[in-house]
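If you read the protein sequences in the order shown, they are chains B and L. Following my numbering, the numbering of the first sequence begins with 4 at its first residue and continues without gaps. Following my numbering, the numbering of the second sequence begins with 3 at its first residue and continues without gaps.
Please keep in mind that the hints were generated in silico from the structure rather than gathered at the bench. In this text, a Cβ means the ideal position worked out from N, Cα and C, and glycines have one as well. Among these hints, one or two may not hold up.
[Unchecked claim] Quick list of simulated restraints, FRET-style, between CB atoms: (1) L:E47 x B:S115: 20 to 30 Å; (2) B:R99 x L:N68: 26 to 36 Å; (3) B:I18 x L:E5: 44 to 54 Å; (4) B:P86 x L:N9: 41 to 51 Å; (5) B:Q25 x L:P112: 37 to 47 Å; (6) B:E82 x L:D29: 45 to 55 Å.
[Said to hold, decoys possible] PhoX-like mimics (lysine-lysine), calculated; alpha carbons at most 25 Å apart, straight line: (7) B:K17 x B:K47; (8) B:K12 x B:K47; (9) B:K47 x B:K60; (10) B:K12 x B:K60; (11) B:K12 x L:K44; (12) L:K44 x B:K47.
[As the list claims (entries may be wrong)] Covered, in the sense of this in silico footprint (three residues per stretch, anywhere, with C-beta under 8 Å from a C-beta of chain L), are these stretches of chain B: (13) 46 to 55; (14) 69 to 76.
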Amino acid sequence: NAGVTQTPKFRILKIGQSMTLQCTQDMNHNYMYWYRQDPGMGLKLIYYSVGAGITDKGEVPNGYNVSRSTTEDFPLRLELAAPSQTSVYFCASSRRTGDSQPQHFGDGTRLSIL
Amino acid sequence: QKEVEQNSGPLSVPEGAIASLNCTYSDRGSQSFFWYRQYSGKSPELIMSIYSNGDKEDGRFTAQLNKASQYVSLLIRDSQPSDSATYLCAVNNYGQNFVFGPGTRLSVLP
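Working from the sequences, and respecting the hints, build out all of it.
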């Protein structure tokens, strides 16, 4: 079972460059999320989506953009990369039911901006 | 601002002891509570979920929930060195958003 797949696993960017972090899930989950985790810190929500075509901002959306054209894919776009965006990025998904369902995480993308 | 608080640790316990991890939350509308374990350099993995007041046991793990006190805890019995990790508490109010605590780092000493 693939679950949540993130690519790439590691990336080094120069200041001002842009890139897209890919996230795909094969569990037919409606909800998808992007988090960043700085060293020794907790998870901060960047963007989330409740279904194809619907996205919304989380706690720290500045400098990022997302799209959700399909149920499976939820890419995160970094425009004009800055050193403050050096972090580990996690994509997660969860199923929409009457009861709250836990999130399932990908392995993460470790991004350094130099 | 909805908040989830945890002691950052590190919490050190000897092998075989009971480790007790605590979490408090500010949103009284919260309905679902989750404990995740995160090894260094890895992604969070779900350990326990709890929805009702009281205790829920799964192997060596017991989650405890007290909604009146806005408090949820995780007990790990017979702690093993392999339990050494950061434990994240997550809270949800039936919406699409989860709020994560900063995590407690647990160290189990052989």
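Outcome of the hint check:
1. For E47 of chain L and S115 of chain B, the Cβ-Cβ distance of about 25 Å falls inside the hinted range of 20 to 30 Å, so the restraint holds.
2. At roughly 28 Å, the beta carbons of R99 of chain B and N68 of chain L sit within the given window of 26 to 36 Å.
3. One distance hint, 44 to 54 Å for the beta-carbon pair I18 of chain B and E5 of chain L, is violated here, with the actual separation near 33 Å.
4. A hinted range of 41 to 51 Å for the beta carbons of P86 of chain B and N9 of chain L is inconsistent with their spacing of about 30 Å.
5. Between Q25 of chain B and P112 of chain L the beta carbons are some 40 Å apart, a value that agrees with the proposed interval 37 to 47 Å.
6. For E82 of chain B and D29 of chain L, the Cβ-Cβ distance of about 33 Å falls outside the hinted range of 45 to 55 Å, so the restraint is violated.
7. With a C-alpha separation of about 23 Å, the suggested pair K17 of chain B and K47 of chain B falls inside the 25 Å cut-off, and the hint holds.
8. Only pairs whose Cα atoms come within 25 Å are accepted, and K12 of chain B paired with K47 of chain B is accepted, the gap being roughly 19 Å.
9. Distance hint between K47 of chain B and K60 of chain B is fulfilled; the C-alpha atoms sit about 11 Å from each other, no more than 25 Å.
10. A distance of roughly 24 Å separates the Cα atoms of K12 of chain B and K60 of chain B; the hinted pair therefore holds under the 25 Å criterion.
11. Of the pairs offered as hints, the one joining K12 of chain B and K44 of chain L holds, with about 11 Å between alpha carbons and a cut-off of 25 Å not exceeded.
12. Using a Cα cut-off of 25 Å, the hinted pair K44 of chain L and K47 of chain B holds, with the two alpha carbons roughly 16 Å apart.
13. Restraint check on the stretch 46 to 55 of chain B versus chain L: 4 residues with Cβ-Cβ distances below 8 Å, three needed, restraint holds.
14. Taking a C-beta to C-beta cut-off of 8 Å, the stretch 69 to 76 of chain B contributes 0 residues in contact with chain L, too few for the three needed, and the coverage statement is violated.
Violation of the numbered hints given earlier is confined to hints 3, 4, 6 and 14; the remaining hints are satisfied by the structure.
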